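Student: Given next are the chains, with one letter for each unit.
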Amino acid sequence: MVGPLEQAILAAMIFVIMLGMGASLTPRDFVLAFRRPYGLLIGLVSQYGFMPLIGFGLASILPVPPVVAIGILIISCMPGGTTSNMFTYFSKGNLALSLLMTVNSTLFGVLLIPLLLVLYAGALEVDIPRENVIVTLVLLLVPVAIGMGLRKMNANVGAVAEFGGSALGLFFILFLVVSWIPRNWGFLMETGWATYAASIGLGVIGMAIGYGFARALRLHPRNARTISLETGIQNGPLAIAIIAFTWPADEAQAVMAVPVLYSLFIVIVSTAVTLIFRRANLAAEQKLPDGLL
Amino acid sequence: MTTDQRPWTAFYGPAVRKDIDAPRYPTLGDMVAAVAHQYAAKTAFTCCLPNGMNGSLSFAQADEMSDALAVYLREVCGLAQGDRVALQAPNGLSYPVAAFAVLKAGCILVNVNPLYTAEEMARVFADAEPKALIVVDMFADKVREATKGHPIPNIIVTQVAEFLPAAPRGIVRLVQRHWDRSLPPVDFPHIRLPAAIAAGRRARASVAVEEYRAQLTPDDVAVLQYTGGTTGVAKAAMLTHRNLLVNMEQTMEMIEGVEPGAEVALTALPLYHIFAFTVNLMGFWWLGARNVLIPNPRPLSNLKRAFENYRITWMSGVNTLFNGLAQELWFRDTPPRHLKFASAGGMALQTAVAERWVEVTGKPVLEGYGMTETSPVLTFNPLNRVRPGSIGIPVPGTDLRCVDDEGREVALGEPGELAARGPQVMAGFWRRPEETAKVMRDGWLLTGDIGVRDADGYFRIVDRKKDMIIVSGFKVYPNEVEDCIALHPGVAEVGVIGVPDGATGEAVEAHVVLRDPALSAEELRNHCKAHLTAYKVPKRVVVRDALPRSNVGKILRKDIRAEALAGKG
Chain D
1 MVGPLEQAIL AAMIFVIMLG MGASLTPRDF VLAFRRPYGL LIGLVSQYGF
51 MPLIGFGLAS ILPVPPVVAI GILIISCMPG GTTSNMFTYF SKGNLALSLL
101 MTVNSTLFGV LLIPLLLVLY AGALEVDIPR ENVIVTLVLL LVPVAIGMGL
151 RKMNANVGAV AEFGGSALGL FFILFLVVSW IPRNWGFLME TGWATYAASI
201 GLGVIGMAIG YGFARALRLH PRNARTISLE TGIQNGPLAI AIIAFTWPAD
251 EAQAVMAVPV LYSLFIVIVS TAVTLIFRRA NLAAEQKLPD GLL
Chain V
1001 MTTDQRPWTA FYGPAVRKDI DAPRYPTLGD MVAAVAHQYA AKTAFTCCLP
1051 NGMNGSLSFA QADEMSDALA VYLREVCGLA QGDRVALQAP NGLSYPVAAF
1101 AVLKAGCILV NVNPLYTAEE MARVFADAEP KALIVVDMFA DKVREATKGH
1151 PIPNIIVTQV AEFLPAAPRG IVRLVQRHWD RSLPPVDFPH IRLPAAIAAG
1201 RRARASVAVE EYRAQLTPDD VAVLQYTGGT TGVAKAAMLT HRNLLVNMEQ
1251 TMEMIEGVEP GAEVALTALP LYHIFAFTVN LMGFWWLGAR NVLIPNPRPL
1301 SNLKRAFENY RITWMSGVNT LFNGLAQELW FRDTPPRHLK FASAGGMALQ
1351 TAVAERWVEV TGKPVLEGYG MTETSPVLTF NPLNRVRPGS IGIPVPGTDL
1401 RCVDDEGREV ALGEPGELAA RGPQVMAGFW RRPEETAKVM RDGWLLTGDI
1451 GVRDADGYFR IVDRKKDMII VSGFKVYPNE VEDCIALHPG VAEVGVIGVP
1501 DGATGEAVEA HVVLRDPALS AEELRNHCKA HLTAYKVPKR VVVRDALPRS
1551 NVGKILRKDI RAEALAGKG
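Heads up: the sequence lines are chains D and V, in that order. If you read the first sequence in this note's numbering, its first letter stands for residue 1, the second for the next number, and so on. If you read the second sequence in this note's numbering, its first letter stands for residue 1001, the second for the next number, and so on.
By construction, these hints were calculated from the structure, which means they are not laboratory data. Please read all numbers here as calculations on a predicted model, not as lab measurements. Check each hint, because a few of them may be wrong.
Quick look at which bits of chain D chain V covers, simulated, 3 or more residues with Cβ under 8 Å [as the list claims (entries may be wrong)]:
no.: 1; stretch: 22-31
no.: 2; stretch: 160-170
no.: 3; stretch: 175-184
Taking lysine-lysine pairs in the BS3-like style, the calculated list, with each CA pair at most 25 Å apart, reads [to be verified]:
no.: 4; chain 1: V; residue 1: Lys1554; chain 2: V; residue 2: Lys1465
no.: 5; chain 1: V; residue 1: Lys1529; chain 2: V; residue 2: Lys1475
no.: 6; chain 1: V; residue 1: Lys1042; chain 2: D; residue 2: Lys152
no.: 7; chain 1: D; residue 1: Lys152; chain 2: V; residue 2: Lys1148
Cβ pair distances, simulated, as ranges [claimed, not checked]:
no.: 8; chain 1: V; residue 1: His1178; chain 2: D; residue 2: Val126; range: 42 to 48 Å
no.: 9; chain 1: D; residue 1: Phe34; chain 2: V; residue 2: Gly1567; range: 47 to 53 Å
no.: 10; chain 1: V; residue 1: Arg1181; chain 2: D; residue 2: Trp185; range: 54 to 60 Å
no.: 11; chain 1: V; residue 1: Lys1475; chain 2: D; residue 2: Arg279; range: 57 to 63 Å
no.: 12; chain 1: D; residue 1: Tyr196; chain 2: V; residue 2: Val1358; range: 56 to 62 Å
no.: 13; chain 1: V; residue 1: His1178; chain 2: D; residue 2: Glu131; range: 41 to 47 Å
no.: 14; chain 1: D; residue 1: Phe34; chain 2: V; residue 2: Arg1201; range: 49 to 55 Å
no.: 15; chain 1: D; residue 1: Ile146; chain 2: V; residue 2: Trp1179; range: 22 to 28 Å
no.: 16; chain 1: V; residue 1: Val1186; chain 2: D; residue 2: Trp185; range: 45 to 51 Å
no.: 17; chain 1: D; residue 1: Arg278; chain 2: V; residue 2: Gly1473; range: 51 to 57 Å
no.: 18; chain 1: V; residue 1: Val1513; chain 2: D; residue 2: Tyr196; range: 35 to 41 Å
no.: 19; chain 1: V; residue 1: Gly1170; chain 2: D; residue 2: Val126; range: 57 to 63 Å
no.: 20; chain 1: V; residue 1: Glu1145; chain 2: D; residue 2: Gly57; range: 57 to 63 Å
Built from N, CA and C at the ideal position, the CB exists for glycine as well.
Work out the full structure, taking the sequences as your base and the hints as a guide.
Tutor: Okay, here's the thing in structure tokens:
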């Protein structure tokens, strides 16, 4: 069950997270993105081309019940998560590119996510209430716009909101651990290995394909690392919010299974990948001068 | 002096005085106080962090806080006039407060590069014997070791986000402490900067700050500025109040089209560097400009928020900065709209870089020239009368000529060592009369740079005297070869040196960092052959991952040479 209190907390959290994402942006960022559609295209292809395909593949191959399959599909169709920016920072990737990919995928998500969901759900023969999904996505753009407004009004308020948003992204995991897991303990014990395999596999395969794709396009390793993390890390809180606000409470728990488990495991997967990237970076890093400039 | 000897005065703007000898204020402290009175509540300094977090001080605030800190230094620490105070901080709101306080207290400011190693710091401390040190907490780990042999009785600790509003300051500290782990423990007796200012305010009732500087004369030393300290002995140029005030006026007068009280200046260069100290810190203050301070301009994306959030009208920088910015995508796509022009100093501005900058921003880079020993500006390009590749014309009140080894002026158009005379020339090297004697000849300062003057009085730097390469008796100036190689689109950076050669005495060797990894040494040599006389074409091209640089980003040819020779030996 998702009680009204938890729904309210969930809504507040997602609001702050999206507000923080908005606060990290300026109109100039969009100008930049549209002037260089190549980078934009790579991001969209990996986010909405590869990830849903991987999700669809996992949902078809793995022996999971239809409700769990819907969860896999939803999380795989999500835009990039704000935590990807943090991991990009720690893995010494291209932070600007990461931010831009997150934002672009969120913006285009309003259009692409319902389309993709309907397409793949049709292929999987499951049902998705697409109007509700669209409404939720549009509503989510409100805090993004407010965040951008805050940044424009006062850079300090914007920067604090940005920091608060990404910090809350991590805190969200804790929220899941204390609220969802105890109540679904029975389900977690009963469910087959396939649910776990999908939850872990989506991130790992996504990162591997994202990296391979970027390298195949001869992008700089730094940008390839960024695209890899950006592709693999989805906006988990958004998936959970969409499910909580769209599905009836009794069904929502099972649909949420993979998005919740994904959100928990992606922290571990991303940390491991970040460590690998950091090591690779250390080996390849050019010696920069010590001075301030 | 007649116009005959200073033909360049014909190129001065209408508002520029032909000669400047005495400054408008007796000391820097008087200038700071007078300007603060004029602009009072206007914003003087804004510190802008990479994520856009910021804090500001008004003219009145910076003035009041530096008054209080001056009182703290004199009354609480018990410092006397002429005592040295070392300042070791990156750009931030504490830098101007601390620097102004030291000058107002009648003490001598010792600018120390925060990135110095403990060993380099120790050399400076041993030489300058400071009685107080104002240091940023990030580098506290080096302080204990550096002060072992020469204890400093008063240490004031500041932070990068000093004087920012509480929330952003708290977040910065949180990130520094727990994520970056960049805050070493401060394990020596110290006082925090805000506490020192508070203590100064309490002691202020019984003293008049103006009294400290009333005892000073314009010829008292204001700043000890270390030069060439990366190797060998640390030696400091003694720059007097008059040197610095005059040079500030000389430079600011040459810069036309600025509007007092209306400019927004970007300071990405470290303020402890003499160019930024005189032009950015003092000059922008004098102009009543808002000065946007960048604590760390690397990576260059750290400047993005500053360009977005502030209407930057003027910036100063070095070749490395302009080169880097002109290659950043975000900067190319949305160049600053309000920029009037940029000024370059500190090192030679490569023609290719200047051209790329104009192409991106549509605004010129005005190149100037100077050195630590001359506070630092000697020449500047007047706006609208810029000559590409030229360092411009001498600033008002300055004599500059090209001399041979005997100190005789060479014929017009012939290369010779630049010798300078003017009110900005230092009082000498601190406690090193023998070093002073080496560079001063009959009242002229020998710069060590080879230059050429044209009939109008525009100067061009050919090269450093000691970097000159002699190939079979022909003089080759590395700058010319570097400029040529830098024009090749596949090259990111280049340093050219001379190495011993059995056949030609010396041979030209180019060390390059490639932007295009496929570019071969042969292609580069062919590129040079198309533009240069045969003896100037590098005999060897060495491809490297990086070139050694100084703390301000200058490519260090002497280090390249040392590495090249060690590699062969």
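Student: Which hints, by number, does the structure contradict?
Tutor: Violated: hints 3, 7, 10, 11, 18, 19.
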